[in-house]
Structures are given as structure tokens and as C-alpha cells.
Amino acid sequence: MSTLLSLLDAVLVVSLVLLGLSAVLVVVRLLRGPTGLDRLVALDVLVAEFLCGLVAYAALTGDSALVPVVVAISLVGFLGSTTVARFVRRGTGR
Amino acid sequence: MTGPAETGLEIALDTVGTVLIVLGVLLTLVASVGLLSLPDVLSRMHAATKPQVVGLLLVVVGGALHLRTSVDVWMLVLVGAFQLVTAPVTAHVVGRLAHRGDGVRRDLLYVDELDDSPDVADPGPDTARTGPDGEPG
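Top to bottom, those sequences are chains A and B.
So the first sequence is numbered by the numbering used here: it starts at 6 and just counts up by one.
So the second sequence is numbered by the numbering used here: it starts at 28 and just counts up by one.
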């Protein structure tokens, strides 16, 4: 049974590595994105992947101290992306 | 056999939670690949909203199955519900701005239902005060 549990922990570590890889892909789009809307969408996805990483880390360690952090970041990330969208210049997309 | 720390039910919950987290992470990876490789803002937003929201929901459910405390489970439910509420708002704003600007590859569209007079009927909250000719600030 402990082998199963250590296997589950290893799988969670692998999924954290995959999250880091996808965050690298999103950061490439964030730096390259031709318009401001691309960067806005990429930043939204980056925040969501950070949330996924926090939840996966909390599941890995069994430490529930990170759960209020997840709630706070999900609130602030929405406000940030919607507020930035208000300032994208009309007609140019930049 | 079964130690005092983990009973069979807890091991089963951990297993199901790990499987859900892995599925969610794979969907997030799909969303990132789509965000990097799709051609314009609208299709990138399509990749960034649908698989990413479902992936985050799966990860949150998996984390709730791992943590199994009442406070944590309800906070994670709050995170999932908030993501479901706010993702359409962001997608709507981004899609509207992309259709006004140059965020749409018109040659890739089959039908553009907003093509004729897209913003005359509803010019949006910013241009409503600036008069009928709508000079954007």
C-alpha cells in the first residue's frame, strides 16, 4: 500500500513538472504575442496554471494552508484581466 | 496491512484525486499548446477558456478529494464556482475587443455574423457618452 502512495506522489510531481512546461509555453506567447489581447489571454492562462500548481502542491503535501491563497489569487486574477481589457485601445487591439 | 494513517477508503480517494489532477493538468497543457500555436486572438481565446477552465475544475476537484477537510473543500468549491462565473466575462470582453480591432483573421472565418455594422446598435459603455459619431478617446 505504501508503494501505491509513493506512486501517487510521483505522479503528482510529474504533473507539477507538466504544469511548469505549459507555463513556459504560455510565457512564450506572453512575450511574443503581437497584440495586447494576446498578452491578456496569456496572462489569464498563466494565473490559472499557477492556481493549478498551488492546488496540486497542496494535494502533494497534504498541507491545506495554501487553499486561502488559491481563493485570493482567483479573485485578483479576474479583476486584473478584466481591468486591463478596459485599457486596450479601441480599434488597434494594442 | 492497513496502517492507522490510511484506510482503504482514503487510499481510494487519494487515487481518484490524483487521476483527476493528472487529467486537469493534461487539459491545461493542451490549452497552452493551443495558445501558442493557434493563428489569431479569437482562436487563442477559445483555447484559453474552454480546456483551461475544465482543467482547473478537474484539478480543484482532485485537490478537494486529497484534502478532505470541510473548510478546504468549500474553499475549493468557491474557487471552481468563481472560475466558472468569471471566465465567460473575460472571454466576452476579449472577444468583443478582438472583433473590433485586428484580432480576427477574417480570411479564416466561414461566417462573420457581426460583419455588417458591428457596433452601431450597441457601441459599448465607453463610447456611449461621446456622442453619435463616437470618436473614441
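Simulated from the structure, these hints should not be mistaken for lab results.
These figures come from a predicted structure and were not determined experimentally.
Beta carbons: idealized from backbone N, C-alpha and C, even for Gly.
Warning: the hint list may mix true and false statements.
[To be verified] Here are the in silico distance ranges between beta carbons for each label pair:
(1) B/119 x A/12: 15 to 25 angstroms
(2) B/97 x A/29: 19 to 29 angstroms
(3) B/37 x A/26: 38 to 48 angstroms
(4) A/67 x B/132: 40 to 50 angstroms
(5) B/104 x A/11: 24 to 34 angstroms
(6) A/78 x B/64: 21 to 31 angstroms
(7) B/105 x A/66: 17 to 27 angstroms
(8) B/116 x A/8: 38 to 48 angstroms
(9) A/85 x B/138: 25 to 35 angstroms
(10) B/137 x A/85: 44 to 54 angstroms
(11) B/134 x A/8: 25 to 35 angstroms
(12) A/8 x B/139: 48 to 58 angstroms
(13) A/19 x B/115: 26 to 36 angstroms
(14) A/84 x B/138: 26 to 36 angstroms
[Claimed, not checked] Stretch by stretch, here's where chain B covers chain A in the computed footprint (C-beta under 8 angstroms, at least three residues):
(15) 8 to 16
(16) 29 to 42
(17) 54 to 63
(18) 76 to 84
*Does the hinted range 26 to 36 angstroms hold for residue 19 of chain A and residue 115 of chain B at CB?*
holds (32 angstroms)
_residue 138 of chain B and residue 85 of chain A - C-beta distance against the hinted 25 to 35 angstroms_ = About 33 angstroms separates the Cβ atoms of residue 85 of chain A and residue 138 of chain B, which means 25 to 35 angstroms holds.
*Cβ-Cβ distance between residue 105 of chain B and residue 66 of chain A: within 17 to 27 angstroms?*
holds (21 angstroms)
*Given a hinted range of 44 to 54 angstroms, is it respected by the beta-carbon distance of residue 137 of chain B and residue 85 of chain A?*
violated (34 angstroms)
*Verdict for residue 119 of chain B, residue 12 of chain A (Cβ pair) under range 15 to 25 angstroms*: violated (42 angstroms)
*Could one say that the CB atoms of residue 37 of chain B and residue 26 of chain A fall in the range 38 to 48 angstroms?*
violated (30 angstroms)
*Does the Cβ-Cβ separation between residue 84 of chain A and residue 138 of chain B fall within 26 to 36 angstroms?*
Given about 34 angstroms between the Cβ atoms, the range holds.
_Taking beta carbons only, do three or more residues of the segment 54 to 63 of chain A come closer than 8 angstroms to chain B?_
holds (count 6)
*Should the hint that residue 78 of chain A and residue 64 of chain B are 21 to 31 angstroms apart at their CB atoms be regarded as holding?*
holds (27 angstroms)
*Using the Cβ atoms, figure out if residue 116 of chain B sits within 38 to 48 angstroms of residue 8 of chain A.*
Because 46 angstroms falls inside the window, the suggested range holds.
*Go check the segment 29 to 42 of chain A versus chain B for me, would you? Three or more residues, Cβ under 8 angstroms, otherwise it fails.*
Coverage by chain B holds for the segment 29 to 42 of chain A (6 residues, Cβ < 8 angstroms).
*Using the Cβ atoms, figure out if residue 67 of chain A sits within 40 to 50 angstroms of residue 132 of chain B.*
holds (47 angstroms)
Figure legend: structure checked against the earlier numbered hints; hints not met, in rising order: 1, 2, 3, 10, 11.
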